[in-house]
Amino acid sequence: MSQGPKTNDFTIRIANVNGTGSASANALLMKSLFRMGIPVVGKNYFPSNIQGLPTWYEIRASGEGYLARSGRVDILIAMNAETYKNDLARVAPGGYLIYDSTWPRSKMLQRNDITVVGIPLAKMCNENFSNARSRVLMKNVAYVGALAALIEIDLEVIRQSLKKTFASKAHMLDANYLAIELGYNYAKEHFDCPLSFVAKPLDKTRGNIMIDGNTATALGCIYAGATVGAWYPITPSTSVMDAFSAFCEKFRIDPETGKRNFCIIQAEDELSAIGMVLGASWNGARAFTPTSGPGISLMSEFLGYGYFAEIPAVLIDVQRCGPSTGMPTRTQQADILPCAYASHGDTRHVLLFPANPEECFYLAVAAFDLAERLQTPVIMLTDLDIGMNDWMCPDLEWDDDYVPDRGKVMDADALEKVESFHRYLDVDADGIPYRTYPGVHPKGAYFTRGSGHNMYGAYTEKSKEYQEVVDRLRRKWETAKEYVPGPVVDYTEKHRVGIISVGSCDSAVREARDRLLESGIGTNYLRVKAFPFNGDVQKFLDAHERIYVVEQNRDAQLRSLLMLETDVDANKLVPTLFYDGLPIEAKGIIAAINEDMARGKAA
Amino acid sequence: MSYIKKPKVIHPKSPRNDLGLTVRDYEGGMSTLCAGCGHDSVTGAIVQAAFDLSIPPHRFVKLSGIGCSSKTPAYFMRESHGFNSVHGRMPSVATGANAANGELTFIGVSGDGDTLSIGLGQFCHAARRNLNMLYIIENNGVYGLTKGQFSASADIGSTAKKGEENLQTPIDPCRTAITMGAAFVARGFSGDKDQLVPLLKAGFMHRGFAVIDVISPCVTFNDHEGSTKSYEYTREHYHPAIHADFVPPAQEIKAKYDEGEAMSITLHDGGQIVLRKVDREYDPTDRAAVYSYLEHRQAAGEIVTGLLYIDETRPEMHDLSNTSDTALAHLDFSELCPGQSALQKLHDIYR
Numbered sequence: 000m001s002q003g004p005k006t007n008d009f010t011i012r013i014a015n016v017n018g019t020g021s022a023s024a025n026a027l028l029m030k031s032l033f034r035m036g037i038p039v040v041g042k043n044y045f046p047s048n049i050q051g052l053p054t055w056y057e058i059r060a061s062g063e064g065y066l067a068r069s070g071r072v073d074i075l076i077a078m079n080a081e082t083y084k085n086d087l088a089r090v091a092p093g094g095y096l097i098y099d100s101t102w103p104r105s106k107m108l109q110r111n112d113i114t115v116v117g118i119p120l121a122k123m124c125n126e127n128f129s130n131a132r133s134r135v136l137m138k139n140v141a142y143v144g145a146l147a148a149l150i151e152i153d154l155e156v157i158r159q160s161l162k163k164t165f166a167s168k169a170h171m172l173d174a175n176y177l178a179i180e181l182g183y184n185y186a187k188e189h190f191d192c193p194l195s196f197v198a199k200p201l202d203k204t205r206g207n208i209m210i211d212g213n214t215a216t217a218l219g220c221i222y223a224g225a226t227v228g229a230w231y232p233i234t235p236s237t238s239v240m241d242a243f244s245a246f247c248e249k250f251r252i253d254p255e256t257g258k259r260n261f262c263i264i265q266a267e268d269e270l271s272a273i274g275m276v277l278g279a280s281w282n283g284a285r286a287f288t289p290t291s292g293p294g295i296s297l298m299s300e301f302l303g304y305g306y307f308a309e310i311p312a313v314l315i316d317v318q319r320c321g322p323s324t325g326m327p328t329r330t331q332q333a334d335i336l337p338c339a340y341a342s343h344g345d346t347r348h349v350l351l352f353p354a355n356p357e358e359c360f361y362l363a364v365a366a367f368d369l370a371e372r373l374q375t376p377v378i379m380l381t382d383l384d385i386g387m388n389d390w391m392c393p394d395l396e397w398d399d400d401y402v403p404d405r406g407k408v409m410d411a412d413a414l415e416k417v418e419s420f421h422r423y424l425d426v427d428a429d430g431i432p433y434r435t436y437p438g439v440h441p442k443g444a445y446f447t448r449g450s451g452h453n454m455y456g457a458y459t460e461k462s463k464e465y466q467e468v469v470d471r472l473r474r475k476w477e478t479a480k481e482y483v484p485g486p487v488v489d490y491t492e493k494h495r496v497g498i499i500s501v502g503s504c505d506s507a508v509r510e511a512r513d514r515l516l517e518s519g520i521g522t523n524y525l526r527v528k529a530f531p532f533n534g535d536v537q538k539f540l541d542a543h544e545r546i547y548v549v550e551q552n553r554d555a556q557l558r559s560l561l562m563l564e565t566d567v568d569a570n571k572l573v574p575t576l577f578y579d580g581l582p583i584e585a586k587g588i589i590a591a592i593n594e595d596m597a598r599g600k601a602a
Numbered sequence: 000m001s002y003i004k005k006p007k008v009i010h011p012k013s014p015r016n017d018l019g020l021t022v023r024d025y026e027g028g029m030s031t032l033c034a035g036c037g038h039d040s041v042t043g044a045i046v047q048a049a050f051d052l053s054i055p056p057h058r059f060v061k062l063s064g065i066g067c068s069s070k071t072p073a074y075f076m077r078e079s080h081g082f083n084s085v086h087g088r089m090p091s092v093a094t095g096a097n098a099a100n101g102e103l104t105f106i107g108v109s110g111d112g113d114t115l116s117i118g119l120g121q122f123c124h125a126a127r128r129n130l131n132m133l134y135i136i137e138n139n140g141v142y143g144l145t146k147g148q149f150s151a152s153a154d155i156g157s158t159a160k161k162g163e164e165n166l167q168t169p170i171d172p173c174r175t176a177i178t179m180g181a182a183f184v185a186r187g188f189s190g191d192k193d194q195l196v197p198l199l200k201a202g203f204m205h206r207g208f209a210v211i212d213v214i215s216p217c218v219t220f221n222d223h224e225g226s227t228k229s230y231e232y233t234r235e236h237y238h239p240a241i242h243a244d245f246v247p248p249a250q251e252i253k254a255k256y257d258e259g260e261a262m263s264i265t266l267h268d269g270g271q272i273v274l275r276k277v278d279r280e281y282d283p284t285d286r287a288a289v290y291s292y293l294e295h296r297q298a299a300g301e302i303v304t305g306l307l308y309i310d311e312t313r314p315e316m317h318d319l320s321n322t323s324d325t326a327l328a329h330l331d332f333s334e335l336c337p338g339q340s341a342l343q344k345l346h347d348i349y350r
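Heads up: the sequence lines are chains A and B, in that order. Residue numbering for the first sequence follows numbering that gives the first Met the number 0, starting at 0 and increasing by one per position. Residue numbering for the second sequence follows numbering that gives the first Met the number 0, starting at 0 and increasing by one per position.
Rather than coming from a laboratory, the hints here were simulated on the basis of the structure. Please read these numbers as outputs of a predicted model, since none were measured by experiment. Just so you know, even glycine gets a beta-carbon here, dropped at the ideal spot from N, CA and C. Check before you lean on any hint, since a few could be wrong.
Claimed, not checked - From the structure, some residues in chain B lie toward chain A, with a derived Cβ separation under 10 Å:
{"no.": "1", "residue": "Gly81"}
{"no.": "2", "residue": "Asn100"}
{"no.": "3", "residue": "Asp324"}
{"no.": "4", "residue": "Leu335"}
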């Protein structure tokens, strides 16, 4: 460690047992770094369980602002004796393992290339706290105190953080602060502080917030004016509705009557949840359902109905590891193809792909506008990494002049003026017909059906009439390309290599591109933000001879979708796949691209 | 086919309701069901009931699932929005539609397959939520559109057209609905319009989930000897327990009833249901007693009809979720979006 401590570039991994209240201690640690102005990201690796199984939390501090998983552990806080062995093996050479030395493990915890730091957390807490639960909880707070000494986290920032959290609970504030001091003083007295990693105040988090994607999504639904939320609890989407419900309590209670300007319905299953969303949207409300892969499978029949009968609906698919139940608390992007074509028959759905919580907010709003403009279900695909982890992102902005796009709806006045109304007539030659809400005007009535219907909305089994409708739906799909957000493109003519990616891969891809550029490999980058793909995607495909399609699934689903829906030579699309359930890291992308290039040169 | 328009000729002397509309204004497209199908009689009864209530046709929302019964919303009230949903899932669509705008009058038409097999879960949960709608089950004990398989309401021992006997326990929609929390449970017979029309009116005006199980024989696949859902069998085993009359608000009850024979239930809008009892001891507000009565009568092979159970006090879905008096679909965007200043304040939580 001759070059002095590494500043603002380290990853702390906390190994714990779930149900011990470590989440708040970890949040305190992360928020404190954030409040020191250092960009941070937190990744939670938790079991599908409530109490007693191993859980890990990883905090990456990056002065350069990289927010993907680093894939490296510099400081490991080992609070779970069961996982000591594996945790020890995880620490990068030159790193540290901090453990509770109330029960010394000098024999077990041995590695020559790292430093083991023992702090008697349990012993100190047992001596200072009388209540059994406090003793468990405060051990966690104490390691935050120890770290404050070891990597120089500003104690005043921690003090302010605690004050903010426990504003109304003075006894909790005292207890927490005592625990911080216990850890801090012990570390100061017994070790050479700081370690070779330090946190130095920066000014890189001003104008930013730390928020998870599910909360941001829920906020988007609130701002879009959604009033009906129907859902069936499923990890990792549950907190979308939890947050929506909390925001509704804050913003949607009529101050005079105390009545609710929203209706949240916990359905009996996902089939019912999507039925409720379709019913509510059909009857004039903005409605949505958050779910995950298994829910999409169950909703598929109704999704086809929504497509064919042309009913708006907003679905939030917070993707998790499949297939089947898979690993419910691990992340993946494996619902891309199933969502694009969900349901039997010729169906296709508009998809949106936010890359982070900030985009969850804006795209959630866009999802409602698109669903109503295009009169069709829109699925926003996030994933567990975006949805449940805290990301640093710029302050959210709202344009108070925003007017929701309710699409082509004929109201009572408009209906009064027309001779007759026909639901599926392509009046404007853009494939989008006009619709009416029930109860508005006798002339507006029509029969909504998933069975064959003609352009007037009547039942049909006549080939020509049926075909007219499905052909128009295809024209509507073309129109959709003009409305959906285009891809994010970073292109210069001097680079020959392209990278295409989607959603939560974004931060890792950007980090990988910087590293590749340092090693002399310049890349262009396109991030898909929506399906259908618009012309910019085709242009990018045409402009490159070799394109790495980076995504988090085994079967190269984004690549397949590009092959199906664009004119691209499949040979130039190199599958670059990560699907172990952990958030993607830059290292893997760099390695995959380097390997492929080396193969190309050798050939 | 349902797209054939029925010529709308109105006789100048046709009776008109309070809105000045005739019965023809409550009709829909031509039925494409088999001649003599019980469902067409139910359609006729719905038209009559809606006409009698003087609710504008476009203020109704009619929904259905899949099957012969579910085709029928196309045959009544052409001026109301219809929603022919997917098989067994009509209750969820109705729930969402009602959540968005509960000011409309909701009628769902389903069958025994749609309700008791593929849709049993949604049916039960709509009852549990006490969704404010009239839910009609056109019950014929058989799958018509797929040509004659037993449904879950088929009685033990009832035979199919080709002689095969049903051995599985039937699901009784009325007892199921009572168990699941429905607060208005009735049974009718498509062949008894005099009983059915007042039941439908009461069901429309009841605030909450009103279930009417209508025995509606299938003339093509289940009207033979050996079937317990045939016209003949139903007529023979039919037992009207309670006749319900609906009396609109501000109208006096004129008919005279003997002591103990009638009881009156006041609805939320001030209207009343007067129940004329055949069995004096029968109390349609005593849930346990009703259940037990139905159980015993069914065991005796009797088809008990009438308004079997009613509880006007139970809160419906909107009461339970305390939603605004203005329909959610009609709330102004400015009431829904907190705006930029609230967003900026919110940021403090996330720093």
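Each hint, compared with the structure:
1. Gly81: holds, 4 Å
2. Asn100: The hint holds - Asn100(B) has a Cβ within 10 Å of chain A, the shortest such distance being about 5 Å.
3. Asp324: holds, 7 Å
4. Leu335: Given a least distance of 4 Å, the restraint on Leu335(B) holds.
The structure shown violates none of the earlier numbered hints.
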